[in-house]
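> Spelled out, the chains give:
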Amino acid sequence: KAGVTQTPRYLIKTRGQQVTLSCSPISGHRSVSWYQQTPGQGLQFLFEYFSETQRNKGNFPGRFSGRQFSNSRSEMNVSTLELGDSALYLCASSLLTGELFFGEGSRLTVL
Amino acid sequence: AQKVTQAQTEISVVEKEDVTLDCVYETRDTTYYLFWYKQPPSGELVFLIRRNSFDEQNEISGRYSWNFQKSTSSFNFTITASQVVDSAVYFCALVTGTYKYIFGTGTRLKVLA
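As given, the protein sequences belong to chains A and B, one line each in that order. Residues 66 to 176 (my numbering) are what the first sequence spells out, left to right. Residues 368 to 480 (my numbering) are what the second sequence spells out, left to right.
One or more of the hints may lead you astray.
As a list, the in silico DMTMM-like pairs of lysine to aspartate or glutamate whose alpha-carbon atoms are at most 20 Å apart [said to hold, decoys possible]:
| # | chain 1 | residue 1 | chain 2 | residue 2 |
| --- | --- | --- | --- | --- |
| 1 | B | K437 | B | E423 |
| 2 | B | K437 | B | E426 |
| 3 | B | K467 | A | E140 |
| 4 | A | K122 | B | E426 |
| 5 | B | K405 | A | E164 |
| 6 | B | K405 | B | D453 |
These are computed hints drawn from the structure, not numbers from a lab.
With the rest of the complex left out, here is chain A:
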C-alpha cells in the first residue's frame, strides 16, 4: 500500500516568491492535514481538509492557504515568502480513527 507522497521534497525560494506543495494521501484516506515543523516551534498545525472542506485551521497568517481536490489530493500554498517560512512542511492523511500517516515532508528554504 503506497504511503503519503509529498512533492517536491526539497526546494529553495527567495523572499517574496510563492510556493505550492503537493500531497497525495493514502488511497481511501479522505482527511488530509498539514503541519509546519521548525527546530524551535516543533510541529504546528496549519489546516485540515476532509472531502474538499477545510474543517479547521491553525494560527497562521493568510499567506498560508490550502485546498483539497475531489480525489483527496491536497495542495498548500504560501505566498510572499518570508525567511521565517523556512521549515519542513509535513502532510498527513488519516481515516476516521484519527491516527495520522505522515509523508516525508517538503523542506523549504527561503533565502
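With chain A fixed as given, assemble chain B onto it according to the hints.
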C-alpha cells in the same frame, strides 16, 4: 485553550536503561484523543499509540508502555530496556472534536551504546 507540554527537551540514557517520556495536556473537552508519534533520524513520523479520553487503561506493547491518568492530565510513555534504535524525537499529541491536532514540542531521546 488546548495545549500539550513535553517538558523534557532531550534525554540521554545508556542502552538497557528504562526511560519515561512525560506528556501533560490541557483541554476542556470531555472527548479527546491522545497520541504518541516517533520521528527517527530518517525524518518520517510514525504512529505509536492512540488513546481516547474514556479509556484510562494502561497499555503495553513489547518494550513500550503508556500510562494515561486523567486526574493529572498526563499520558506518559515508558521504554523498557532501551536500545540504540529507540533514538528519535518523540511527540505527544492531542486532538479533539475540532479535528485540530496539537503537538507537544517533542522530546529527543538519545540511547547510547
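> Evaluate each hint against the coordinates.
Here is how each hint holds up against the structure:
With a CA separation close to 7 Å, the supplied pair K437/B and E423/B stays within the 20 Å bound. Restraint check for K437/B and E426/B: satisfied, since their Cα atoms lie roughly 15 Å apart, inside the 20 Å limit. Between K467/B and E140/A the alpha-carbon distance is near 18 Å, which keeps this suggested pair within the 20 Å criterion. With a C-alpha separation of about 32 Å, the suggested pairing of K122/A with E426/B is violated against the 20 Å cut-off.
Proximity of K405/B to E164/A is assessed by CA-CA distance (about 13 Å); at most 20 Å being required, the pair is judged to hold. Pair hint K405/B plus D453/B holds up; C-alpha atoms about 9 Å apart against a cutoff of 20 Å.
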